[in-house]
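When the letters of the sequence shown are read in order and numbered with my numbering, they come out as residues -17 to 301.
By construction, these hints were calculated from the structure, which means they are not laboratory data. Treat the hints with caution; some may be incorrect.
As the list claims (entries may be wrong) - Here are the computed lysine-lysine pairs in the DSS-like style, where the Cα-Cα straight-line distance is at most 30 Å:
1. 151 - 124
2. 123 - 152
3. 152 - 69
4. 151 - 69
5. -7 - 69
6. 123 - -7
No experiment lies behind these values; they were computed from the predicted model shown.
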Amino acid sequence: MTRTVLESKSKTVVIGFDEPFCVIGERINPTGRKKLAAELEAGDFSTVEKDALEQVACGAMVLDVNAGVVYNSNPNPNETEPPLMRKMIELVQGLVDVPLCIDSSVPGALEAGLAACEGRPLLNSVTGEEERLELVLPLVKKYNVPVVAISNDDTGISMDPEVRFAVAKKIVERAADFGIPAHDIVVDPLVMPVGALASAGQQVFTLVRRLREELGVNTTCGASNISFGMPHRHGINAAFLPMAIGAGMTSAIMNPVRKVEMEAIRAANFLMNHDANGAEWIRFSRVVDAVEAGQSFAEASAAAAAPTGGRTGRRRARG
């Protein structure tokens, strides 16, 4: 079975067909977060610290780190992003023990993150664009790390799932030319918003099955894309994720600080026989008990992760 191995200094996470679904926390990303972007430009990393700790407490197995801030003082990301990425990687891995996902469109920032990162991170990302392939695949080979492969190329993002599959196949083949095995390619088949394309969910499920059966690769996605533009988005996300897992998707870049989505993933792991004896579901149920008693999901998750965590939930469950 395909196994994509990620490592921090002290922890190993395996993305695989026979493994629990891998939750990659998305929140350390200034895109669309003006407050975080302003903090980072000012050298304030307090939100990064909070997001790192909360996401891991809530169940993130890997943390995505994106330093894509366009500074008002210097709008050239090729100059500003590499040192910021290095700083953020060093900070986050000093706070939490999970593997990291280095996320950037700037090759210099990717290499700065790789140089600073302990263990074996996931690189995010390469596309089918020729220039991107020639810039990123040598880094993947040099540092011996797995990479997210996004199914778009020089022609853009195709609405045709056959084209997106062909792009993924091209990336896997080109990676092989560099000596990079298929088990180190994690394909993002690109999730379209269901509000704009009614068949978006069906397309992804079909693509994931093909990617698994024909290319033998693990898969990921930006899970919240499916609900973009729709009301009550978390309900849609929570339905989409177990369906994607059932189709064979093995990871997602998502917000783990949301009970409804994490509850759906925990249940799907149990139903897919990726949670031995339901141990994780039972542990998670104590978090749900605490939320129903009035705690926030982040607070309840952090308490459950502490050495004495979960006692309140256990007493409440018996009462």
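Going through the hints against the structure:
1. 151 - 124: Status holds; Cα separation ~22 Å.
2. 123 - 152: holds, 17 Å
3. 152 - 69: violated, 34 Å
4. 151 - 69: It is violated: about 35 Å lies between the C-alpha atoms, which goes past 30 Å.
5. -7 - 69: holds, 21 Å
6. 123 - -7: holds, 22 Å
When held up to the earlier numbered hints, the structure conflicts with 3 and 4 and fits the remainder.
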